[in-house]
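Peer 1: Chains as they are written, first to last, in our numbering: chain A, 1 to 391; chain B, 1 to 249.
Hints may be right or wrong, so weigh each one.
As the list claims (entries may be wrong) - Simulated pairs of lysine-lysine, DSSO-like, Cα-Cα distance not exceeding 30 Å:
id, chain 1, residue 1, chain 2, residue 2
1, A, Lys12, B, Lys99
2, A, Lys292, B, Lys16
3, B, Lys50, B, Lys196
4, B, Lys16, A, Lys12
5, B, Lys50, A, Lys268
Read the hints as simulated data drawn from the structure, not as lab findings.
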Amino acid sequence: MALAEDFTIEEKEEQERMVLESVDRFLERDVEPFAHELEADDTYPQEIVEKMIDMGLFGATIGTEYGGLGLSVSTYAKIVERVSTVWMSVSGIFNSHLIMAAAVERSGTEEQKAKWLPRFASGELRGGIALTEPDAGTDLQGIRTRADKSGNGYALNGAKTWISNAVEGGVLAILAKTNPEAEPRHKGMSLFLVEKSSEFKVDKRMKKLGYKGIDSGEFVMEDLFVPGENLIGGTEGRGLQQILGGLELGRINVAARGVGIAKACLLKSVEYSQLRKTFGKPISEHQSIQIKLADMATQVESARLLTEQAALAYDMGERCDMEAGMAKLVASEAALSNSLEAMRIHGAYGYSKEFDIERYYRDAPLLAIGEGTNELQKLIIAKQLLARYPV
Amino acid sequence: MKVLVPVKRVIDYNVKVRVKADQTGVELANVKMSMNPFDEISIEEAIRLKEAGHAEEVIAVSVGVQQCQETIRTALAMGADRGIHVVHDGDIEPLVVAKILKELVDKEGPSIVIVGKQAIDDDSNQTGQMLAALLGWGQATFVSKVEIEGDSIKATREVDGGLETISVMLPAVLTTDLRLNEPRYASLPNIMKAKKKPIEQFTPVELGVDPSCRIEILKVAEPPTREAGVKVSDVGELVDKLRNTAKVI
């Protein structure tokens, strides 16, 4: 998924700069002025999605041979950070779409890549990944959705919940068990691309504390037929492996969102603290506020550096579960604590719906919970640490 | 027909400009640079003329340091077809730029040159007018609306107290005002494709233009900071201060 070989390092840097400038323009003109109202009403940002199609964002990390941009994950993480600085929900619309695309690009057959990726890259067909179930999230091996052989395909039975883009998207990569008796359990799991149809519709949207605007859907499958050619990779039993490769990308993604929210909270606090006066001087001149600002800024920078490091490792093709875990952990905690500190600095205005701070405060917790809880990240980090330094 | 659009690399409009400590100019080190916003409007208008079938080719030109290629590349990503970079380190004045543009017009034969009415760094507002004079072409400055009518252009100009509509014969020089259009931002696929579009390079001397400056900048200073106000206790004191301290009544 690296940039095309014929570009020099300088050219790649220039392209990244231009890409980020264009993203900034898009955010300034087409997202920022509308985010507050759309969020307050929990409205799906259809017009913003159309602009993102025009911009080519749905093909960001898909290879150029399939009509994508072939951006490095490092550049992509910077895009996600910028988008989340303005409104995190918008990044969710292309994040899980691209994780689905990455699974097809990495593990799909040549026919599957040729059939699906150009449609994913253009944004004509958008979707996400359907992993989580009412009884299984972080522990994916515990899913209960089954895919049983039926004619020249499979019949899917089960339920999925908290699926981003499930209502508005046109296709989902659904994780199911093709052999529920398999040991180890992951060897019985497979990933299917399922397009929406008259038999497969999703209407139910979850109500959420934050992360509004984007649809998080819930659906039940009863003998839902999927053609055999839609089994990603063409071989059963590889589903978990296929999706776990994408989860590192997902964690870098969440880390970049965390950096974005933490940075937004910092920037707004730096500005507000110089305008708001108490006891005859701007609150930025009080030491208690200065200490908060220093802590917030340090958190932003450490989260950003860890995220860049994980993205770089991913781009180099190195093992990066520990790096991605650290980035996700630190960045999501930075978002959480900075949103609370920003609220303390803004006082009543931070608590008010008139300003954005309360939105960051509601959006941030998702990052600590989603894409593998932070507690799980610590276990991943510790396991890798012990594996890399055995006695 | 061809449309030629000069684009200038300037300090980004969001940057708070600081004067150098030695007052020889403004701080440019580690400062974000972008295309002059009026030039973005010019490029947008040229691309629209192409999309409407009036123009066949849009050529973006920049005069200045090596990094001006980035500015040209931005124009190419927006939709210009090719670029010309006239390489010059150091200061450059509107008259020199106008002379360079005249040489390029003679070489390329465009029917319209669309120039930003001014650059946001020095606010000179001279290049377009000087170019029209050097070429002996008609000009429509500060345009907020452009319509092609056969071999002429109907242009609406923003003038003091209202709008003026004029007709100019082609070929012509236009200078763009803020309200002419809202420039697009480049789509990401077009940014990738821009790399493949050609940029030709010349030096001013190769074009037969002497780039030396005729103006010497003696000093650049920040505007004086506003002094704090005072509170007055009654109308009598206010009138007294207005008359005797401020001397405005």
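Peer 1: Between the alpha carbons of Lys50/B and Lys268/A, is the straight-line distance 30 Å or under?
Peer 2: Between Lys50/B and Lys268/A the Cα gap is close to 42 Å, so the pair fails against 30 Å, i.e. violated.
Peer 1: Are Lys292/A and Lys16/B close enough, with their CA atoms no more than 30 Å apart?
Peer 2: holds, 25 Å
Peer 1: Compare the distance between the alpha carbons of Lys50/B and Lys196/B with 30 Å, and conclude whether the hinted pair is satisfied.
Peer 2: holds, 20 Å
Peer 1: Keeping to a limit of 30 Å between CA atoms, is the pair of Lys16/B and Lys12/A held or broken?
Peer 2: holds, 28 Å
Peer 1: Starting from Lys12/A, check that the Cα of Lys99/B is at most 30 Å away, please.
Peer 2: violated, 34 Å
Checked against the numbered hints given earlier, the structure breaks hints 1 and 5 and satisfies all the rest.
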